[in-house]
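Keeping their order, the protein sequence lines are chains F and Z. Numbering-wise (the UniProt record's numbering), the first sequence opens with residue 1 and increments by one. Numbering-wise (the UniProt record's numbering), the second sequence opens with residue 1 and increments by one.
Treat the hints loosely; a few may be bogus.
Copies of the same chain look alike in the list, so a pair counts if it fits in one copy or across any two.
Lysine-lysine pairs mimicking BS3-like chemistry, simulated, CA-CA at most 25 Å apart [said to hold, decoys possible]:
#: 1; residue 1: K239; residue 2: K9
#: 2; residue 1: K8; residue 2: K100
#: 3; residue 1: K9; residue 2: K100
#: 4; residue 1: K163; residue 2: K220
#: 5; residue 1: K100; residue 2: K2
#: 6; residue 1: K260; residue 2: K220
#: 7; residue 1: K100; residue 2: K181
Note that these hints are calculated values from the structure, not bench results. As the structure is a computational prediction, the values presented were derived from the model and not from experiment.
Take a look at the letters that make up each chain.
There are 2 protein chains.
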Amino acid sequence: MKEFEFIKKLSDLNRYYFSNKDLGIGDDAALLGEFLIAKDLIVSDVHFKREAGLRNILFKLITSNVSDIAAMGGTQPFYALLGLSTDGSIDLENFITDLKYVLDYYRIDLIGGDTTGSVHGIFLSLTIIGRKNRFLLKRTTARSGDILFLSRPVGLSKLSLEKELGIAQHSIHPHYHYNQKAEVALGGLLGSLNYVTSCIDISDGLGRDLSHISEGSKVKIIVEEKYFDISYLEKFNIKNPFDYILSSGEEYALAFTIDKNYSSEFKIYRKQFPDILEIGFITDGEGVFLRKKDNSLVDISRYGYEHL
Amino acid sequence: MKEFEFIKKLSDLNRYYFSNKDLGIGDDAALLGEFLIAKDLIVSDVHFKREAGLRNILFKLITSNVSDIAAMGGTQPFYALLGLSTDGSIDLENFITDLKYVLDYYRIDLIGGDTTGSVHGIFLSLTIIGRKNRFLLKRTTARSGDILFLSRPVGLSKLSLEKELGIAQHSIHPHYHYNQKAEVALGGLLGSLNYVTSCIDISDGLGRDLSHISEGSKVKIIVEEKYFDISYLEKFNIKNPFDYILSSGEEYALAFTIDKNYSSEFKIYRKQFPDILEIGFITDGEGVFLRKKDNSLVDISRYGYEHL
Numbered sequence: 001m002k003e004f005e006f007i008k009k010l011s012d013l014n015r016y017y018f019s020n021k022d023l024g025i026g027d028d029a030a031l032l033g034e035f036l037i038a039k040d041l042i043v044s045d046v047h048f049k050r051e052a053g054l055r056n057i058l059f060k061l062i063t064s065n066v067s068d069i070a071a072m073g074g075t076q077p078f079y080a081l082l083g084l085s086t087d088g089s090i091d092l093e094n095f096i097t098d099l100k101y102v103l104d105y106y107r108i109d110l111i112g113g114d115t116t117g118s119v120h121g122i123f124l125s126l127t128i129i130g131r132k133n134r135f136l137l138k139r140t141t142a143r144s145g146d147i148l149f150l151s152r153p154v155g156l157s158k159l160s161l162e163k164e165l166g167i168a169q170h171s172i173h174p175h176y177h178y179n180q181k182a183e184v185a186l187g188g189l190l191g192s193l194n195y196v197t198s199c200i201d202i203s204d205g206l207g208r209d210l211s212h213i214s215e216g217s218k219v220k221i222i223v224e225e226k227y228f229d230i231s232y233l234e235k236f237n238i239k240n241p242f243d244y245i246l247s248s249g250e251e252y253a254l255a256f257t258i259d260k261n262y263s264s265e266f267k268i269y270r271k272q273f274p275d276i277l278e279i280g281f282i283t284d285g286e287g288v289f290l291r292k293k294d295n296s297l298v299d300i301s302r303y304g305y306e307h308l
Numbered sequence: 001m002k003e004f005e006f007i008k009k010l011s012d013l014n015r016y017y018f019s020n021k022d023l024g025i026g027d028d029a030a031l032l033g034e035f036l037i038a039k040d041l042i043v044s045d046v047h048f049k050r051e052a053g054l055r056n057i058l059f060k061l062i063t064s065n066v067s068d069i070a071a072m073g074g075t076q077p078f079y080a081l082l083g084l085s086t087d088g089s090i091d092l093e094n095f096i097t098d099l100k101y102v103l104d105y106y107r108i109d110l111i112g113g114d115t116t117g118s119v120h121g122i123f124l125s126l127t128i129i130g131r132k133n134r135f136l137l138k139r140t141t142a143r144s145g146d147i148l149f150l151s152r153p154v155g156l157s158k159l160s161l162e163k164e165l166g167i168a169q170h171s172i173h174p175h176y177h178y179n180q181k182a183e184v185a186l187g188g189l190l191g192s193l194n195y196v197t198s199c200i201d202i203s204d205g206l207g208r209d210l211s212h213i214s215e216g217s218k219v220k221i222i223v224e225e226k227y228f229d230i231s232y233l234e235k236f237n238i239k240n241p242f243d244y245i246l247s248s249g250e251e252y253a254l255a256f257t258i259d260k261n262y263s264s265e266f267k268i269y270r271k272q273f274p275d276i277l278e279i280g281f282i283t284d285g286e287g288v289f290l291r292k293k294d295n296s297l298v299d300i301s302r303y304g305y306e307h308l
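Okay, chain F solo, but in the shape it has when bound (with noise of 0.2 Å):
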């Protein structure tokens, strides 16, 4: 079974009170009340290395989390659980220093959680808290002529991962990747914005993530490469740069559509955010795909990774 046949099994299994079909499993987060509550766990030799410091291995947690929140257009985020499983590989006392660092880098404040061993590697999981803000951003409700835009430049995360996991020598951080920021204050603003139609983070590759966009609310999505500046890939000397821009995982990005008829209004807060991006546009039918240069379209949904 495909994760995304599991996930869809799993989201039916809320019968008894839930009545946001639409905001529960498959979606970044699920509504409680005024809250918005949301789940991400990594593995040691999965999501990361332990050579890469507990100081890094955290901020990716807590990261994905906070992410995952501000995908739905969420306030700042504010309680934490954490469920660490660890094999006695950790130093407690450092995994206080930098689990401090990084609640205190998002201002988190850590309520519950659960602590144990294990007999192989390092899980964490964490449930991450924060409030409804003016509206809920969806995957489900992005529509024909909307505007797509991405938050900020992506790729450099799939570059470093391949420098750590030894695939290519790029000259760059093979701990880069560890550390991308959950755009808070933009997510803040979009979930504020009365026009701002879908939104998700870049977790799994533009195409892929973008695919959940497509296919949640059965429209077309078209990339457009004549938007993209990739000098800051190039440099690199890599064989396909834009690949790593559709495929990059783990990047934290947001990727939103706007109704066209608010794009002028837009304009003004794009100083406040100057790496918004314009990327695309939402169309009907069905699928994503890049419009290429030459005007030819490639399908990209499935640009990224699948777990499990």
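With chain F held as given, fit chain Z onto it using these hints.
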């Protein structure tokens, strides 16, 4: 660093928003508005063997979380978020079936979570959400003079665990301990009474769990041997049957204290919950002791096990 010290340090990591200092880490669940939220995790070859089967494993995971809400006197928990990390040895089809069975047993909706791979082992994390009852039961509020109760006999989980681990050949099913039930109904009752002064669930062993009340409330706890009928343990021909009562973990019975002026009023509920047993009392001082029939006192605060 010991688990206790580690948890204490973790509990200091909430300085931005959290006002319920006595309800964060260290208690069974944290308070979030009107909601109670708890998180537990279990790991293969630490908390369960795969041979026990998915249904048993999931039952144990969800019971331990539901029990955390019951121990706070919360009402029926209603939402859960699941984290699953698997090395590929799980049949996902069966996983859905068994998860549905357990969620149905406790009438809980799954509203989110995360699934991922692992290199070694299965890691399951659950976040559970319930609602605060009229009163919030804590570990820190037992008072000298209170009467101590146990919701039902304990000890068989440890016998069953020893069988599963091949330590002893008791005539009990090796998976019996996976199927202990959380005290949902009793927890809901206790949280509605204004004279229940403290409560905890038996997850580590009666002695060790009572030490959390003793330390949190700064009181001495006396458990009286005379109250216990141990015939249900004696029939297993074990050496020290009483040790099983004091140290059997993952029982999910509740231990709670009641203002002694209300003990006759509480009796009316004893019919509804006939297994409830008076087992001792609270007095001034510190520590947890068993008063044997010969009147000697034994320190039982370390009976049970320490994680990590």
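Task: Intra/inter-copy verdict for K163 and K220 if alpha-carbon distance must be at most 25 Å - done: neither (34 Å within a copy, 58 Å between copies)
Task: Homomeric proximity label, K100 with K2: Cα distance no greater than 25 Å - done: between (37 Å within a copy, 19 Å between copies)
Task: 25 Å Cα threshold - placement of K100 relative to K9 - done: between (37 Å within a copy, 10 Å between copies)
Task: Intra/inter-copy verdict for K100 and K181 if alpha-carbon distance must be at most 25 Å - done: within (17 Å within a copy, 36 Å between copies)
TODO: Measure nothing new, just compare the shortest in-copy and cross-copy C-alpha distances for K260 and K220 to 25 Å and report within, between, both or neither.
DONE: within (16 Å within a copy, 69 Å between copies)
Task: Identical-chain pair category, K8 with K100, by Cα at 25 Å - done: between (36 Å within a copy, 13 Å between copies)
Open item on the list: My question is about K239 and K9: at a cut-off of 25 Å on alpha-carbon distance, are they close within one copy, between copies, both, or neither?
Closed with: Neither, since 39 Å and 48 Å both go past 25 Å.
Hints 1 and 4, counting from the list given before, are not met by this structure.
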